[in-house]
Amino acid sequence: DTGVSQDPRHKITKRGQNVTFRCDPISEHNRLYWYRQTLGQGPEFLTYFQNEAQLEKSRLLSDRFSAERPKGSFSTLEIQRTEQGDSAMYLCASSLETGENYGYTFGSGTRLTVV
Amino acid sequence: SQKIEQNSEALNIQEGKTATLTCNYTNYSPAYLQWYRQDPGRGPVFLLLIRENEKEKRKERLKVTFDTTLKQSLFHITASQPADSATYLCALVKGQAGTALIFGKGTTLSVSS
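Keeping their order, the protein sequence lines are chains A and B.
In this text, residue positions in the first sequence follow the numbering used here: the first is -5, and each later residue adds one.
In this text, residue positions in the second sequence follow the numbering used here: the first is 12, and each later residue adds one.
Keep in mind the hints are simulated off the structure, nothing from the lab.
Any given hint might turn out to be false.
[Stated by the list, open to error] Here are the simulated DSS-like cross-link-like pairs (lysine-lysine), alpha carbons at most 27 Å apart as the crow flies: (1) B/14 x A/51; (2) B/14 x B/74; (3) A/51 x A/65; (4) B/116 x A/51; (5) A/5 x B/116; (6) B/68 x B/28; (7) B/116 x B/14; (8) B/28 x B/116.
[Stated by the list, open to error] Computed, partial: chain B to chain A, Cβ under 8 Å: (9) 48; (10) 51; (11) 74; (12) 112.
Source: prediction; values computed, not measured.
Ideal Cβ positions, reconstructed from N, Cα and C, are used throughout, including at glycine.
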């Protein structure tokens, strides 16, 4: 297992288009998290899953955002009708249970640019 | 509202000195606090965790303290090296243990040789 993988690494899209990102967590990790990070800011929590159940969503996650984790393995984050304000790095992380003992393992992120 | 503040956006020190980074929080009672390192264009990497009943935790050249009365954590890097240059993030569980981590904005450390 080589860690958390995110695809694509970079995405440039036109305003109004839909985009989908994929995250493959560490296989034995049952928790998966999505964060968004803009320049000079820390990661902002979007949502997390325990297995296939989406347990919490931030108020940052507008109706245009949806995340899934079918079968409790990989996850996808979709943004519909993208806006320029959606431009950011989208980070995925995974952990065992709460991540309390070993922290989160992050992927390298997907950088989204909306033009 | 709940808030995490890291003392400064940037810290510049000379090689060999000790770097001290501060994380303050308000309106939390976190069960534990974590520190992460982030390099440009990469995801954060977990460094250390300290629990509310622990005063201090060490790992090699790193030391973290946690004062729940002051609502503050200090992160020290001793004998700093240019390779320690990165952004350091503190993170807290925002609610009960089991909910997601909330991160501070980070402090960017630059170590010059």
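Evaluation of the provided hints:
{"no.": "1", "hint": "B/14 x A/51", "result": "holds (18 Å)"}
{"no.": "2", "hint": "B/14 x B/74", "result": "holds (23 Å)"}
{"no.": "3", "hint": "A/51 x A/65", "result": "holds (19 Å)"}
{"no.": "4", "hint": "B/116 x A/51", "result": "holds (20 Å)"}
{"no.": "5", "hint": "A/5 x B/116", "result": "holds (24 Å)"}
{"no.": "6", "hint": "B/68 x B/28", "result": "holds (20 Å)"}
{"no.": "7", "hint": "B/116 x B/14", "result": "holds (11 Å)"}
{"no.": "8", "hint": "B/28 x B/116", "result": "holds (24 Å)"}
{"no.": "9", "hint": "48", "result": "violated (11 Å)"}
{"no.": "10", "hint": "51", "result": "violated (10 Å)"}
{"no.": "11", "hint": "74", "result": "violated (17 Å)"}
{"no.": "12", "hint": "112", "result": "holds (7 Å)"}
Of the numbered hints listed earlier, those contradicted by the structure are 9, 10 and 11.
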